[in-house]
Amino acid sequence: MKKVNNKKPSFLFIGRNSAEGIFSKKNKKLLSDPLDDNNPITVQVLGICSALAITVQLKPAVVMTASVIFVMACSNVIISILRNLIPNRIRIIVFLVVISSLVALVDQFLKAYAYDVSKELSIFIGLIVTNCIVMGRLEAFALGNGVWKSFLDGIGNAIGYGIILILVAFFRELLGSGNLWGMQVVPDFLYESWYVNNGLMLLSPMALITVGIIIWIQRSFNKKLIEKG
Amino acid sequence: MSRDSNLYTFLFVGIMIVGIASILAYTSQTLKPMQDENVKNEKMQNILSTVGINVSREEAEKSYKKYIVEELALKIDGSINENINPFSDLNLAKELKKDYEDQHFPLYVAEINSEKYYIIELRGTGLWDAIWGYISLKSDFNTVNGVSFDHKGETAGLGAEITKDWFKESFKDEKIFNSNGELVGIKVLKGNNDPNNIDKDDHEVDAISGSTITGDGVTDMIYERVNNYLPYLSLINDKVSMR
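Read top to bottom, the protein sequences are chains A and B. For the first sequence, my numbering gives the first residue as 1457, with consecutive numbering after it. For the second sequence, my numbering gives the first residue as 70, with consecutive numbering after it.
Derived from the structure by calculation, the hints contain no laboratory data. This structure is a prediction, so every number in the text was calculated from the model and none was measured. Heads up, a few of these hints could be off.
Said to hold, decoys possible - Here are the simulated lysine to aspartate or glutamate pairs, EDC-like style, with alpha carbons at most 20 Å apart:
| # | chain 1 | residue 1 | chain 2 | residue 2 |
| --- | --- | --- | --- | --- |
| 1 | A | K1575 | B | D105 |
| 2 | A | K1515 | B | E106 |
| 3 | B | K237 | B | D271 |
| 4 | B | K233 | A | D1563 |
| 5 | B | K112 | A | D1572 |
| 6 | B | K221 | A | E1595 |
| 7 | A | K1515 | B | D234 |
| 8 | A | K1515 | B | D219 |
| 9 | A | K1575 | B | E127 |
| 10 | A | K1482 | B | D234 |
| 11 | B | K109 | A | D1492 |
| 12 | A | K1575 | B | D271 |
| 13 | B | K101 | A | D1492 |
| 14 | B | K109 | A | D1572 |
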């Protein structure tokens, strides 16, 4: 087999470049960038579909966040390990296979060992596979970077996605059904006097509007995000 | 070999598929007994919950054996098929896809404090995917004692609310036959005149905002499935106290 690159194949990657520490400034930026400056939902506008679908309640949003963190970290690492082996023309198919088998594996384990969680999670399985963020980061980052960096990038983007998800779910559950985490927080006397839950918050259009408001607030604080006219 | 050559691509795909398929097949095979056990216990839990017995999944089997006194597999003419174990052999989803004449329906009879309850399995379609559940009728085969619902993929916070206690509670004591003895089922209705569900003879419960189609699915599911038991009911009618 012809050697494609003459760099030493590095498997563990950590500390390969001795000038760079595990948590160097650059690596920290990989984690922190997606939280604000390069947030997958509010700046890259990826993963909007699932942000609409599962933000009616806080609990599924948190479960979704946790599973996306796991899937993104693992798939980023796997693709990064294989990045010099994957044939270019079928790379998207390889991404899909890796993501969906990871999701299937997680699902199988949960069904056997944590049945209740798996019931909660089962409807999101399809959503994780089709989540544009996972694919997007594999294509844009993991395919060209080392394992440790890809791992950080995966975690960072998943958390950036999760923060917005949880924020939106918080407002939708609070205003839409008067609950948080399934428990009633709006006191009974308010309902008895004048307060009514806003049923519109439960419908998907309000998720878009909520995301829009979050983007507005974010941009009013973060001047870097404002396009020059 | 170049990474872009056809041969390399095919080799890569071949190895990848074999590798991943064996990992997935192995995990699924090793975990299957535990998963089946979970599913079986959950089914028992659901059946028991319609007669007001709520137990943990571990204790489900013990209570099931204690309270469920009869398990019947009914043919469409109402007669009992002794060769089929309704709990383990009957899969209602598969039954409904069979030819009408070949269908069988499970009926569970529970006895608690010498009261008899008939438990009917339900299955229908929600907005996204299947919904199913159990409905238990008191010994008059008319008054609902309790229901349990579950779903495959209804929207959390909307359609998925059918699994919540407040919704299930509202079916309690509703009647499925009208005063002429015709099956009407229970309608999940929006904008009905009885939002607190005080009137138990109107065959209606209040719907959930934002989940009209799931609610309609529940309505249809109750009517259609109970309908399959009418032949059996007419056979045992002399034993059933008059509605």
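Each hint, compared with the structure:
no.	hint	in the structure
1	A/K1575 with B/D105	14 Å, holds
2	A/K1515 with B/E106	26 Å, violated
3	B/K237 with B/D271	16 Å, holds
4	B/K233 with A/D1563	24 Å, violated
5	B/K112 with A/D1572	13 Å, holds
6	B/K221 with A/E1595	32 Å, violated
7	A/K1515 with B/D234	18 Å, holds
8	A/K1515 with B/D219	18 Å, holds
9	A/K1575 with B/E127	17 Å, holds
10	A/K1482 with B/D234	51 Å, violated
11	B/K109 with A/D1492	46 Å, violated
12	A/K1575 with B/D271	34 Å, violated
13	B/K101 with A/D1492	43 Å, violated
14	B/K109 with A/D1572	14 Å, holds
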